[in-house]
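Based on the provided sequences and hints, a complete structural model is requested.
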Amino acid sequence: MDINPLSKGHSLIIPKFHAEKLHELPDESLTDLLPIAKKIALAIGSPNYNILQNNGEIAHQVVKHVHFHVIPKPAASDEQGLVIGWPQQKMEKEELQVEFEKIKAGLTSPRM
Numbered sequence: 001m002d003i004n005p006l007s008k009g010h011s012l013i014i015p016k017f018h019a020e021k022l023h024e025l026p027d028e029s030l031t032d033l034l035p036i037a038k039k040i041a042l043a044i045g046s047p048n049y050n051i052l053q054n055n056g057e058i059a060h061q062v063v064k065h066v067h068f069h070v071i072p073k074p075a076a077s078d079e080q081g082l083v084i085g086w087p088q089q090k091m092e093k094e095e096l097q098v099e100f101e102k103i104k105a106g107l108t109s110p111r112m
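The numbering used here numbers the first residue of the sequence shown as 1 and each following residue consecutively.
Derived by calculation from the structure, the hints in this document are not laboratory data.
Note that the coordinates shown come from a computational prediction; the quantities given were computed from them, not determined experimentally.
Built from N, CA and C at the ideal position, the CB exists for glycine as well.
Some hints could be false.
For lysine-lysine, the following DSBU-like pairs were computed, each having C-alpha atoms within a straight-line distance of at most 30 Å [unchecked claim]:
# : residue 1 : residue 2
1 : K38       : K64
2 : K21       : K38
3 : K38       : K16
4 : K102      : K64
5 : K21       : K104
6 : K8        : K64
7 : K38       : K104
Ranges of calculated distance between the beta carbons of each label pair, as one might list FRET restraints [stated by the list, open to error]:
#  : residue 1 : residue 2 : range
8  : L42       : M91       : 35 to 41 Å
9  : F100      : N48       : 38 to 44 Å
10 : E94       : H18       : 40 to 46 Å
11 : I58       : L25       : 17 to 23 Å
12 : H67       : M91       : 28 to 34 Å
13 : L42       : V63       : 24 to 30 Å
14 : L82       : D27       : 23 to 29 Å
15 : L96       : I14       : 33 to 39 Å
16 : E28       : N48       : 29 to 35 Å
17 : G45       : K104      : 38 to 44 Å
18 : E28       : K90       : 36 to 42 Å
Shown next as structure tokens:
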């Protein structure tokens, strides 16, 4: 359970392997995370919820250990649950293609 919940039932999933950011976790440490998140979401019983995981201080990571939040959203208001902005950026198709190619190249590189 989160000690400063955004709503009742706000739960945490914390991998045993210590890593500050998601990309630092070994793949085998990731295997059970989403199935566990699904089970917690079902157990909470809220039909609306967010799964959240932050990486780095400017991405709002406060605790320096990978963890996932399961946050119920009980009402369509900003009073409970996760409240977010979504600052959409306008991009031309050509710009999107360039970004896609960069990501695709990164997926095939040996860095991972």
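Going through the hints against the structure:
{"no.": "1", "hint": "K38 with K64", "in the structure": "24 Å, holds"}
{"no.": "2", "hint": "K21 with K38", "in the structure": "21 Å, holds"}
{"no.": "3", "hint": "K38 with K16", "in the structure": "18 Å, holds"}
{"no.": "4", "hint": "K102 with K64", "in the structure": "28 Å, holds"}
{"no.": "5", "hint": "K21 with K104", "in the structure": "21 Å, holds"}
{"no.": "6", "hint": "K8 with K64", "in the structure": "24 Å, holds"}
{"no.": "7", "hint": "K38 with K104", "in the structure": "29 Å, holds"}
{"no.": "8", "hint": "L42 with M91: 35 to 41 Å", "in the structure": "37 Å, holds"}
{"no.": "9", "hint": "F100 with N48: 38 to 44 Å", "in the structure": "31 Å, violated"}
{"no.": "10", "hint": "E94 with H18: 40 to 46 Å", "in the structure": "42 Å, holds"}
{"no.": "11", "hint": "I58 with L25: 17 to 23 Å", "in the structure": "20 Å, holds"}
{"no.": "12", "hint": "H67 with M91: 28 to 34 Å", "in the structure": "31 Å, holds"}
{"no.": "13", "hint": "L42 with V63: 24 to 30 Å", "in the structure": "25 Å, holds"}
{"no.": "14", "hint": "L82 with D27: 23 to 29 Å", "in the structure": "27 Å, holds"}
{"no.": "15", "hint": "L96 with I14: 33 to 39 Å", "in the structure": "35 Å, holds"}
{"no.": "16", "hint": "E28 with N48: 29 to 35 Å", "in the structure": "32 Å, holds"}
{"no.": "17", "hint": "G45 with K104: 38 to 44 Å", "in the structure": "40 Å, holds"}
{"no.": "18", "hint": "E28 with K90: 36 to 42 Å", "in the structure": "40 Å, holds"}
When held up to the earlier numbered hints, the structure conflicts with hint 9 and nothing else.
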